[in-house]
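One letter stands for each residue in the lines below.
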Amino acid sequence: MRLKLYKFKGPFILLSVVSIISFSCGPDTETKVDDGNKIDSNKTTIIGINGELFSIPSPIQTALMIKKSGANYSKEMLNPTSKATSYSTNFQKALNLGIYGADLGYVTIYDQTQDAVSYLNAVRKLADDLGISGAFSPALIERFQKNLGIQDSLLGLVSVAYRASDAYLKNNERNDISGLVLAGGWIESLNFATAVYKQKPNEDVKRRIAEQKSSLTSLIKLLTPYYSQPEYTEVIDNLKDMATVFEGVEFKYSYEKPSVDPDKQTTTVNSKSEIKITDQQINSITEKITTIRNQIAG
Amino acid sequence: MKKGLIKLLFVVCGFVFSNSANAQCDTIANACARHLTAQFISDGQQYRALLLNPEETAEFHATFYGGTTYRIAACSGLSDGNLVFTVYDSERNPLFTNADYKNAPYWDFKIVSTLDCIIEARLKGENQGSGCAVILIGFKQ
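Protein chains in written order, with the numbering used here: chain P, 1 to 298; chain W, 1001 to 1141.
Hints were generated in silico from the structure; no laboratory data involved. Watch out, some of these pointers could steer you wrong.
[To be verified] With a straight-line Cα cutoff of 25 Å, these simulated BS3-like cross-link-like pairs (lysine-lysine) come out:
hint, chain 1, residue 1, chain 2, residue 2
1, P, K75, P, K125
2, P, K252, P, K206
3, W, K1102, P, K257
4, W, K1140, P, K272
5, W, K1110, P, K68
6, W, K1110, P, K276
7, W, K1102, P, K198
8, P, K206, W, K1140
9, P, K213, P, K68
10, W, K1140, W, K1124
11, P, K68, W, K1140
12, W, K1102, P, K252
13, P, K264, W, K1124
14, P, K213, W, K1110
15, P, K288, P, K240
16, P, K206, W, K1110
17, P, K264, W, K1140
18, W, K1110, P, K264
19, W, K1110, W, K1140
20, P, K272, P, K75
21, P, K67, W, K1140
22, W, K1124, P, K272
23, P, K240, P, K198
24, W, K1110, P, K67
25, P, K83, P, K221
26, P, K264, W, K1102
27, W, K1140, P, K213
28, P, K257, P, K240
29, P, K276, P, K252
30, P, K252, P, K240
31, P, K75, P, K198
32, P, K146, W, K1110
33, P, K276, P, K213
[Unchecked claim] Stretch by stretch, here's where chain W covers chain P in the computed footprint (C-beta under 8 Å, at least three residues):
hint, segment
34, 211-225
35, 261-272
Only a predicted model underlies this, so the values are computations on that prediction, with no experimental measurement involved. Just so you know, even glycine gets a beta-carbon here, dropped at the ideal spot from N, CA and C.
Isolated chain P, as found in the complex (with noise of 0.2 Å):
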């Protein structure tokens, strides 16, 4: 049986129930996994997988890339910080807390400490008021202040948070503002790759460019759930729009045998692949993820 790897939401709590209803009152049967793990096997029938789930590629390793390709630091690209207190809305406050986060990687990679501070704060203040602070506590701020300079420490601390966050998030059956905020960091983070290309064309911005088609797909599939929602329907539309300029990039794909290095406990996957976009098809990109970004950060 396969299964996907599903977030707690309602059907998981009905199911929950029922099953308890169900079993709760007869005989205790746990079964140890390992230590300090048990789960009644019984109970464990109830369990509901719902949804599909997808690895949405972290904002930062684009920008790594980006500073790597030579492109200077550009803070026009950027979602100024002062808009942070305009967010009125659960919607806009998880979308520019995706934005935001990717802004915050952005400027830790190009060694801009003083911006680094004024973007965290923004992060916290919409964590806050999206009831994640925990993920984003006095303490974090505290070690973020000790550590700038160090990047290394500084993007370690700032993608640990976003991991608390994300699993509060799920665990408290927010998925749907879960989804949000990998939605704002990877429109921002291809915002940048566009803004960048447009800037000083670059073979390697544009293969990664290209690369967002499956990340694109995989992120209307989250998202699509809440489609239904008025907020949600129209970037979700936007976000299908580009789909179909994407339908036309080319991925071809050829499997070589990986080869595996046990005492390193690394695999090197050989496989190659080779992809091919256009300037039209660029351009076409370029156009709908700024007209996207710019309806989310206002």
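Fit chain W to the given chain P structure using the hints.
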């Protein structure tokens, strides 16, 4: 009145069970995070599934960028080696399984060219019960 009490029981039981499962997954995720050492940056997400038995498989899809080294950490329970994970390409060619390496709790992947992958996870065969499966992904340039 009786119906009301039953409804209340449903809600309370569901809440308790859900919180218990979440707490268990959180504990495992925190323990698993130690495998993402400082040189790896988390992708900012946490992947988890409650598996009912060793026959069940959880899966998710990921894009790995060329020129990047990724670390996949896979855990269930508080000790290592309880989760078997397998990585396939989009054509379902197997790229790696930790089953060949004593269910190693983490493994690194040097990606030559960008590819879409499917990651599957299941509890090791000796376990007869269920468990929360947690997968974390980190990367380094």
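Which of the stated hints cannot be reconciled with the structure, identified by number in ascending sequence? 7, 10, 12, 20, 22, 25, 28, 32
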